[in-house]
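J.: What follows is the residue order along each chain.
There are 2 protein chains.
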Amino acid sequence: MTTARFDVLGIGNAIFDVLVHTDDAFLAAQGMSKGGMMLIDEARATAIYAAMGPATEMSGGSAANTIVGLADLGASAAYVGKVKDDQIGRMYSHDIRAAKVTFATPTAADGPATGCSYILVTPDGERTMNTYLGAAQNLTPADIDPAQISAARITYLEGYLWDPPEAKKAFVKAAEIAHGAGRQVALTLSDAFCIGRYRDEFLDLMRRHVVDIVFANEAELLSLYEGADFEAGLAQLRRDVRFAVVTRSEKGCVVVSGEETTAVPASVVAKVVDTTGAGDLFAAGFLFGLVRGASHEICGRFGALAAAEVIQHIGARPQTSLKDLARQHGLPV
Amino acid sequence: MTTARFDVLGIGNAIFDVLVHTDDAFLAAQGMSKGGMMLIDEARATAIYAAMGPATEMSGGSAANTIVGLADLGASAAYVGKVKDDQIGRMYSHDIRAAKVTFATPTAADGPATGCSYILVTPDGERTMNTYLGAAQNLTPADIDPAQISAARITYLEGYLWDPPEAKKAFVKAAEIAHGAGRQVALTLSDAFCIGRYRDEFLDLMRRHVVDIVFANEAELLSLYEGADFEAGLAQLRRDVRFAVVTRSEKGCVVVSGEETTAVPASVVAKVVDTTGAGDLFAAGFLFGLVRGASHEICGRFGALAAAEVIQHIGARPQTSLKDLARQHGLPV
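Residue numbers (this note's numbering), protein chains in the order written: chain R, 2 to 334; chain S, 2 to 334.
Just chain R, same shape as in the assembly (with noise of 0.2 Å):
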């Protein structure tokens, strides 16, 4: 095996956030789920836009997201998602190049417009994702470059990828060559209605071994095993995949490996101001304690510190140096 030129490449929805605050009336009026995923159609897309307020927008996308969290810890990272070549995706592509992200998926020149989320905040801080995918359908295969995955020593994928049916398929793709380059592969479990739609395809990609790490809150954990029993839940886990962490909001998280557990405790947040990204930036601290093999503890921390950072402003996106953050908390970067 090489020498690893990136530490994690993440593939995932390349999706432009449009934020906007609001309050459960309007979430209950548009008979959306709270804190959940809600995929929309153009037309739908377009209605609620219209009876949303104005909003603030910046690039996400989850695994975008964490793959920006990585950087910006300073381990060399890469992203493979599709934006149009539109307005906002020249944005996008602007955003995560300029946190020093190695970005090189060819834009779409037709079709339609790069992916766009409206995300609705309510006063308690809990985001509801409204995601038109756009652009991020037409991620395939072809955009799976082997030498850039076989050049990192993570490759992260996200559960929503299992919504375009093209790139569920660059989602397999490039899970094998990353085996086949003796790499790791992780996935995000997403949001609990996702695991609703592939429970069966999720359970089998961690049982077969195409996935070695998987990240999960507590929603999804009990989505992903259908019961209400966390520990049960946890214990199936265990079972399943080699290596897991769940994270559980302000309880923390608890990482399983084999017949180890290793609890941490979240970081003391004064605000919750917005959720969006929260488990995003978990991941991405946590990903940067591994790739620099931390502690499991260790891990935690940087994870439940990014996290930190992210709900306590609007956006999925870092506002805070995350390695000033992690060096005044005196972790390891």
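A few of these clues could be false.
Each pair may be met inside one copy or between any two copies, as identical chains are not told apart.
[Said to hold, decoys possible] Heads up, simulated DMTMM-like pairs for lysine to aspartate or glutamate below, C-alpha to C-alpha not over 25 Å straight-line:
{"hint": "1", "residue 1": "K35", "residue 2": "D230"}
{"hint": "2", "residue 1": "K101", "residue 2": "D25"}
{"hint": "3", "residue 1": "K272", "residue 2": "D125"}
{"hint": "4", "residue 1": "K35", "residue 2": "E298"}
{"hint": "5", "residue 1": "K324", "residue 2": "D24"}
{"hint": "6", "residue 1": "K324", "residue 2": "D25"}
{"hint": "7", "residue 1": "K272", "residue 2": "D325"}
Hints are computed from structural coordinates only; laboratory data are not their basis. All figures in this text were calculated on a predicted structure; none of them were measured in a lab.
Here the structure of chain R is known, so what remains is to put chain S in place on it, guided by the hints.
T.: Then chain S, alone, in the frame of chain R:
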């Protein structure tokens, strides 16, 4: 004079803000004048964007920010400004309408893209703006609807409009219509550099009573009269315009009207995050008081409160309800 349908109608360059945190070294390396607004062409826009970090986007434009603030306080407000029918222009149109502002200016079908400003925010909270006017250059007198102008108690114009040649004509046309309908015309001097370009014309507008009300900050006052003394500038301003408000950052504002002078303190702010929009939102609050018939003291307090809200977060549009804020501070909304 018929009943006014609008409390205030604003006319300005419709600009989409692309905001980024940076440091003084970046400004120096790029040869930017800290705190100012520089006009840039497309090539320079491309170069700055390529050099700057990941951004956050939202609708901006000086007069538009003021009008959105007014609507947020509960005033009936309209805006006239030119965007292209492109992705950014559609976001712009959405945001201003979602803020309950009447916005009926036809979008440009071709020509340059919707205008953008690359706004660099330094750790001290100061903002330095690099504006590509784009479609805003195509605002013409044909975009001025006499019925709409006549229906507004105050037509509010930004000095920045003096940059695009056709917009300048639109400005003069709007002022003539407003006065013909017995309405008032307000002008913000916008920026010390802008005054440097058009000093004589601005003074002429004031002395010929094309404008009735002037908003300026201390630097703009000193630039207007090419002097270093605040009191001397204020005395000249008092002779040149019937009613003027000069803001002095943390020193509050001074209202001069004939022989009358009213000084109002600034609102206390815990931490200045980003001064973008401070003057715009001050004008929003002040004008709200004015159209509600409040005393100059109360007008100044409205202005101070709205400015304080906007400098405590990134971006030039309010993120908290200004109406609720005013109510909490015992102001009459």
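J.: As a check of your reading, is K272 near D325 (CA-CA no more than 25 Å) within one copy, between copies, both or neither?
T.: both (21 Å within a copy, 20 Å between copies)
J.: Pop the pair K324 and D25 into one bin, within, between, both or neither, using alpha-carbon distances up to 25 Å.
T.: Classified as between: cross-chain Cα gap 20 Å, same-chain 36 Å, threshold 25 Å.
J.: Quick one: K35 to D230, C-alpha cut-off 25 Å, is that within a copy, between copies, both, or neither?
T.: within (22 Å within a copy, 57 Å between copies)
J.: Treating 25 Å as the Cα threshold, decide for K324 and D24: within, between, both or neither.
T.: between (34 Å within a copy, 17 Å between copies)
J.: With identical chains treated as interchangeable, where does the CA-CA distance between K272 and D125 reach 25 Å or less: within a copy, between copies, both, or neither?
T.: both (9 Å within a copy, 23 Å between copies)
J.: How do K101 and D25 come out at 25 Å by Cα distance, when the copy is not named: within, between, both, or neither?
T.: Classified as between; 20 Å across copies, 37 Å inside a copy.
J.: When no copy is specified for K35 and E298, does a C-alpha distance of 25 Å or less occur within a copy, between copies, both, or neither?
T.: Intra 31 Å, inter 44 Å, cutoff 25 Å: neither.
In this structure, the one hint that does not hold is number 4.
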